[in-house]
Amino acid sequence: MRILITGGFGYLGGRISQFLASKTECEILLGSRYKSELPGWIPQGEVVQTYWESSVSLEQVVKGVDIIVHSAGMNAQDCAADPIAALAINGLATGRLLEAAKRQGVKRIIYLSTAHVYASPLTGVITETTCPINLHPYATSHRAAEDVVRLAHLRGEIKGIVVRLSNSFGVPVSKDASCWMLLANDLCRQAVTTKRMVLYSTGLQRRDFVTVENVVRAIFHLVNLSEDMTGNGVFNVGGKWVPQVIEMVELIQSRCSSVLGFKPEIVRPKGTIDAPDYELEYCIDKLLATGFTLEGSFSNEIDATLLLCQNLFGK
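Numbering (this note's numbering), first residue to last: 29 to 343.
In case anyone wonders, no lab produced these hints; they're calculated from the structure.
Be a bit skeptical, because a hint or two may be false.
Using 27 Å as the maximum straight-line C-alpha spacing, the simulated DSSO-like pairs for lysine-lysine come out as follows [as the list claims (entries may be wrong)]: (1) LYS314 - LYS268; (2) LYS51 - LYS63; (3) LYS130 - LYS91; (4) LYS223 - LYS203; (5) LYS223 - LYS51.
Here are the computed distance ranges between Cβ atoms for each label pair [said to hold, decoys possible]: (6) ASP313 - THR151: 16 to 22 Å; (7) SER325 - ASN252: 21 to 27 Å; (8) GLU185 - LYS291: 53 to 59 Å; (9) GLY259 - ALA113: 18 to 24 Å; (10) ALA108 - LYS51: 16 to 22 Å; (11) LYS63 - GLU309: 43 to 49 Å; (12) ARG224 - GLY259: 45 to 51 Å; (13) SER325 - SER148: 24 to 30 Å; (14) PRO71 - ASP256: 28 to 34 Å.
What you are looking at is a predicted structure, and each value in this text was computed from that prediction instead of being measured.
Note that beta-carbon positions come from the ideal geometry of N, C-alpha and C, so glycine has one too.
Please take these sequences and the hints and turn them into a complete structure.
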């Protein structure tokens, strides 16, 4: 099985590439905007340079590919700063890739979208049938990409799967991966570099968290999912753990004490302790019904992230 992973040097793309490369039945292509050598964290594979503005180039990249895992795109902060570029990169470039894939006979494309297409903040019970209403450029540009993938899937032109990821966290394969703005990863780095973890909100809001370990396992599961179980192609991927943010902070504090031998201070804004709480359930029942199971622990991923932060940023 020949699998192209766009954004293969990125945070999720790197971990997905590493995991799939460990499977002997997978031949891995790492898509990158830059001319690069095969990184040391992947045992086997090939790097292919991707020119997103060129349909001809994209056809060459996907030639002979069986499955595409599309994880390349702009992050939330960059999307907010440049909404037009967000639509061009997350939306239009995905459309070009999809058209190239159809012309070259690619069997399946898995698009990594985000739970944030639904709303901000997420509240209540969120299933795949919940209407997406978030107008942030990060959400709308992902929705544009989702729509072209879903349309091709419903027309039978290609098996298109949209993965709406909740808040993933965990250790990256490279220090250069763009992941240190993510809440849990940022808190781990703060703990190591300052021995403090500073919150700029009440900490009482709820988020669904999922380990990167389970994200990559879910992607592998969807790579091999039988066609009759793909349904309309949309799957929520979360961790079935919806704590208040302060609970995640306290877990990192506890793991830091156990793993690194010190207890970082938690700093919260004054006068916000009585801010209202709300309920959230990010449902992944549809994915679980296909036979997928969550494994591992949140503590293991936090421990690995803290140790990496100690190696990269510790004095």
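Hints versus structure:
Note on LYS314 and LYS268: the hinted pairing holds, with a Cα-Cα distance of about 13 Å set against a maximum of 27 Å. For the hint pairing LYS51 with LYS63, the CA-to-CA distance comes to about 25 Å; that is within 27 Å, so the pair holds. Taking the CA atoms of LYS130 and LYS91, the gap is near 10 Å; set against the 27 Å cutoff, the hint holds. Annotation: proposed proximity of LYS223 to LYS203 holds, straight-line Cα distance about 20 Å (limit 27 Å).
For the hint pairing LYS223 with LYS51, the CA-to-CA distance comes to about 39 Å; that exceeds 27 Å, so the pair is violated. A C-beta distance of roughly 18 Å is found between ASP313 and THR151, which places it inside the suggested range of 16 to 22 Å. Taking the beta carbon of each, SER325 and ASN252 are about 24 Å apart, inside 21 to 27 Å as hinted. For GLU185 and LYS291, the Cβ-Cβ distance of about 55 Å falls inside the hinted range of 53 to 59 Å, so the restraint holds.
For GLY259 and ALA113, the Cβ-Cβ distance of about 33 Å falls outside the hinted range of 18 to 24 Å, so the restraint is violated. Taking the beta carbon of each, ALA108 and LYS51 are about 37 Å apart, not inside 16 to 22 Å as hinted. At about 45 Å, the beta-carbon gap between LYS63 and GLU309 stays in the expected band of 43 to 49 Å. At about 46 Å, the beta-carbon gap between ARG224 and GLY259 stays in the expected band of 45 to 51 Å.
A hinted range of 24 to 30 Å holds for the C-beta pair SER325 and SER148, which are about 28 Å apart. Distance hint for PRO71 and ASP256: a CB-CB separation of about 33 Å, consistent with the stated range 28 to 34 Å.
Of the hints listed earlier, those the structure fails to meet are numbers 5, 9 and 10, in rising order.
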